[in-house]
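Trainee: The hints should help you fit chains B and C onto chain A, whose structure is shown.
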Amino acid sequence: MATRSSTQGSPPPAVRPGPSSVSERTLAKPRRNWTPYLFIAPALIYLAIFLLVPLARGIQLSFTDTKLVNPGGGSFVGVDNYTQMLTSEQFWNSFLATVLYTVGTVVFAVLIGTALAVLINRPFRGRTVVRAILTFPYAMPTVAVALIFVWIYNQSSGALNRGIGVLGLGEVGWLTDPAYGMFSVVLATVWKVFPFVMLVVLASLQSVPEELFEATRIDGADGLSTFRAIVLPHIMPTVRIVALLMTIWSIRRFEIIYLLTGGGPVESTNTLVINIYRQAFSSQNLGLAATIGVLGLILSLSVTVFFLLVERRENKREASA
Amino acid sequence: MIRKIRKLPGRVALFLGLGLFTVFAAFPVYWMINTALSTDTELYKTGQGFWLKLSRLGDIPAKLAEVPIFSWIANSGIVAFGTTFLSLVLAVMAAYALSRFKFHGKGLAAFVLFATQMLPEALLVVPLFALFASFGLLNELHGLVLANTAFTMPVAIFILKSAIDKIPYEIEESARIDGCPRSGQLTMIILPLIVPSVAAAAVINFFDGWNEFLFANTFISDAAKWPASVGLASFVGQYATPLSSVMTAAFLFTIPAIVFFLIVQRQIVSGLTAGAVKG
Amino acid sequence: MPRIQFDKIRKSFGSNTVIREFSADIPDNEFLVLLGPSGCGKSTMLRMIAGLTDISDGELRFDGELVNDREPRDRNVAFVFQSYALYPHMTVRENIAFPLIMDRFKGWYHIPILNSIMRRVIAKRPEVRDRVTEVAEMLELGSYIDRRPKTLSGGQRQRVAVARALVRDPSIYLLDEPLSNLDAKLRTQMRAEITALYQRVNKSFVYVTHDQVEAMTMATRIIVLSDGEVRQIGTPEEIYHRPADTFVARFIGAPAMNLIPVRLRDGRAISDSGAQEIAQAPAHLSPGPAMLGVRPEKISLAEHPGSGVLGYISAVEHLGGESVIGFTLEPSDPNRLVQTGSTETVHYARVPGTAQLTVGTKQWFSIGDANLSWFDADTGLAATPDRSGQEVELRSARTEAPAP
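Residue numbers (this note's numbering), protein chains in the order written: chain A, 1 to 321; chain B, 1 to 279; chain C, 1 to 404.
Isolated chain A (complex conformation) (with noise of 0.2 Å):
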C-alpha cells in the first residue's frame, strides 16, 4: 500500500514551486501559541514576586547576619549561620521537636481519620449529623481553636483538669509543664486536622465497587478480612497522599502552637517554623531565622521525595501483582 502514496510523493514538487507559496508557509509555519502563556502568566508572576522572589530573599538571607532593625543592611558571612545553626543544641532541640510534632499529629491524625471514614461509610440512622459533627474542628479558625484548647487546659479551672480531678487525679499544666506541652500541642492539632484525613479517605471509599463487596460476602468473609482484602488495598493510596499532605502541613504549621504554647515550656514544643518567627522577631536575627527557614524547607523536600519513592515502589509492586 506505501508504494501508492510513496510514488505520489516522492517526486520533488517540481509542479508547485511558486516562490510566493513557499513564503507564505514559511511565514506561517513557525508561529508559536502564544496564548497559554497569555492566560498563565498573571499567576506566575504573582507567584514569583510574592513567593519566589521572598523565597530567594530568605535563602541570600540565609548567608547574612542580617538584623531587623536593618532588613537591608547586614553582611554575607558565608555558612557561618550554617554552622552555628548546626552545631547548636537549641536547634537540634527544635528540630527533635518538629519531627515529635510532626510524627504525633500525622500519626494519630490519620489512624483516626481513617477509622472514622471507615465506621461513618456504612448507613445508619443520624449518619449526616454525625458526619457534620465530625467535620465541625476543620472549619473551625484556628484562632478560635487555640483560645478554647487554651481554656480547656487552664490549670486551675480547665475542663481537662476538672474531668480528670473526678477520676481522682491531680491537677497537671498541660500548657506549662515540659513533659505535657508537647502532648497538649499535637492533641489539639489532631483535633483540628482529622476531619479532613476522614473526609478525603471517605471520598475514597464511596468509589469502591460495591460487587466487590458482595463478592467476599458470598464467599463468607467476615467484617475484618473484607476490610483487610478490600477495603484497605483500595484506600491505601489516598491515605498515602493524604499522609504525604499532613506531613507537610504538619512540618510548617505555625498558628496553633504559637497560640498555644508560643514554642513552650521551656521549648519543648519549639518547632522549626516557631524557631524562625522567634529568631526574627523576639531576637531579631534575620539571618539566623533565613537559615531555620532554609534547613524547614530541605526537610520538607526529604520527606516529599520519600514519600514519591515510596510511592513509585509501591506502584510498582501494584503494577506487578
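Keep in mind the hints are simulated off the structure, nothing from the lab.
A few of these clues could be false.
[What the hints assert, rightly or not] Computed list of lysine-lysine pairs in DSSO-like fashion (alpha-carbon distance at most 27 Å, straight line):
#, chain 1, residue 1, chain 2, residue 2
1, B, K106, A, K316
2, C, K150, C, K124
3, C, K298, C, K362
4, C, K185, C, K150
5, B, K166, B, K102
6, B, K166, C, K150
Mentor: What follows is chains B and C alone, placed relative to chain A:
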C-alpha cells in the same frame, strides 16, 4: 442468626468508638458555647456547669460590646473578599491554561504550584516583611490581601482545573467555529459551566483569608486594622477582658466558617486533594 | 460553495503520522463523505478543513485561496459535532443565536462581563431574533425554543446542532458522524433530512462517517480512508462498482464484494480453491495470480446444473425478499463446526427469496462476465483501468510494484 450474635459485641464496640469520637469532636465547640454563657465567677471560682444556661442568651449583645469584634470582623471580611477576588481572577486564567493547552514549561508550572504547599509562611514572612516595608504595604489590609493570595491561588487553580478538565473540548471548539475568541470561550462558555467549583474555590479562599493569622499578626500593628484572627488571639492568656465575652466573640467569628464549610464540603475535599494527586 | 483543494496535505502528531500525504480537488457544492473505519484519520481530516487542527504539511485551498492559517470563523464553515456540543447553559434559542451574535461582536465587546451583556443586547435585535425563529421553525424546534439542551431528546439535540450550523448560512457544512448517537429509526429519518437540507441550501457538505450506508445514500462524492491513507476518491457508483483496491472492495457493500483468489492462464481465471474456472481472464492482464472481485448480486443460481461454478452451501440467510447464500468452492470438512470462519474462502451470493436451498448441499452458480473487478494478488490494487479520473494513477503504482 448465629453469625449475627457473634458479631454483636464487635458492632457495639464500633458504635461506642464512633460515639466517643463524636463527643471528642463536638466537646470543644460545645464548651466554647458553654463558656460564652457562663459568668467569670462561675468560670474561675464556683466552677463552670456542664449544662448550657440558655437563659443567658439575652446577655450576648452586652458581652459583644466589650470586644471590638464587629470592626475586626469587618476587617476580616475586607481581607477575605479581596483575597477571594484576586485569587479567583488569577486562578481562572491559569486553570484554563493548564487544562486546555499543551505548552513548554507546563510541567514546571504545575510543579511550582504544588511546591507552594510546602513553603512555610514563617520563612517567607521575613523577606515579605522587608518587601512590604519598602512598598508601604505594612499596616494595610490590601497588603494582607496580596500576601494571602499567593497561598490561596494555587488551591483555587487545582479546584478549577479539575472542573474545566471535565468539560468536553467540543463545546469550546463549537464556540470557536461560531467565531468566539479564547477570552470569550472562557468567560461566556466555560465559566458558566463551572459555577459550582468556582463557588467552592471562593469559599475555601474566603476562609483562608478570614482565618489567616501569621501575616496579619506580623504586618498589622495598628489595632484598629486588626482582622478578627489577630484581635481574638490578643486575648489568649490575657485576663482583662471577661473570658465569656471573648468566647462569644470567637463563636460569632466561627459561625460563618462552619456554615459555609458544610455547604461546600465535598468540593473542598476534592479540591484539596486534586493538587496532591496531580502534583 | 467553494471548491476545496487538498494539496499534499499531511498530518502528524509528533512522530505519529495520522494522515499520509494526499491531494484531491473537490468541486463546488458537492456532498463529500469521508468514509473509513474508526481511527482512519477521517475526523482529523474534517477538523483540518474546519481549522480546529493544524495542517502539518501541504496546502488547503478554498476557491484557490490558501486557508491553512485561517481561524475557523474566517473560513466561513459550520461544524456539527458527533456529541452535538450544544452549550448546556444556554436555551435552544441562545444556542442557535450564538453564531449570529458572534458575527455582530465588535472587538471591544469581548471584554469580560461586558460580553455577557452585549450577548443579550444583540440577541434582542430583530434581525437576529427573526433569523433564529426562522431557522428553528424550519427544523421544527419552535416549541422547544426556550428549553435547555439537557431536557431535549437525542434527535432534538441533533436538530439544534444543525440549526446552529445553518443559521449563519456558511459556505461549507462540516458534519462529524452526526447520526452515530441516534437509534436506527431516527438515523434513517435524519439521513433524509440532511439530504433534503443539502438540496435546499445548495452548499458544500463534508460529512464524516464509518457507515457505508450513509455514505452511499447521501454522498455525491466519497473519499475512502484507512490508516491515514486515501484509498479511493469517487462517486458512490465508482466506489461501488470499481473499487480501487481490495480494502475498498471489502469495506463497501453488505455482504462485501467476494474476493476470489485466482490464477490467470490461457485466458481463463481458475480459482485457487477447488480449481474451477470462474470467469474469462481479461485481455489486458498478464497471466499469473490475481484476485477476482464479484458483488454478491452478480452471482446467480445457474439455470442449468452442470454449467458455471459449483459451490458447496455453508450458510443460508433468508431476508424475506431475498436470501444471502454462503458457499465455498470446495467441499469443507464436515467435522468442523464453524465453517464460516474465514471470509477468504466463503463467498456470498444474493438470490431471490424464493430459492429453496439447504446447507450442506451442492449448487451451481453462474457469474456474469460483466462488472467483474480484478485486483493485483500482491498489492491488492485494482487492475481495471480507473475511469474516475480524480485520482491517483493506480496503474502506475501497480506497474512499479515489485513483480511477484
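Trainee: All the hints need checking, so say for each whether the structure fits it.
Mentor: So, going through the hints one by one against the coordinates:
1. B/K106 x A/K316: Cα-Cα ~26 Å, so holds.
2. C/K150 x C/K124: holds, 24 Å
3. C/K298 x C/K362: Given that 27 Å is the threshold and the Cα spacing comes to 19 Å, the pair holds.
4. C/K185 x C/K150: At roughly 22 Å apart (the allowed maximum being 27 Å), C/K150 and C/K185 satisfy the hint.
5. B/K166 x B/K102: Roughly 17 Å between the alpha carbons, so the hint for B/K166 and B/K102 holds.
6. B/K166 x C/K150: Roughly 17 Å between the alpha carbons, so the hint for B/K166 and C/K150 holds.
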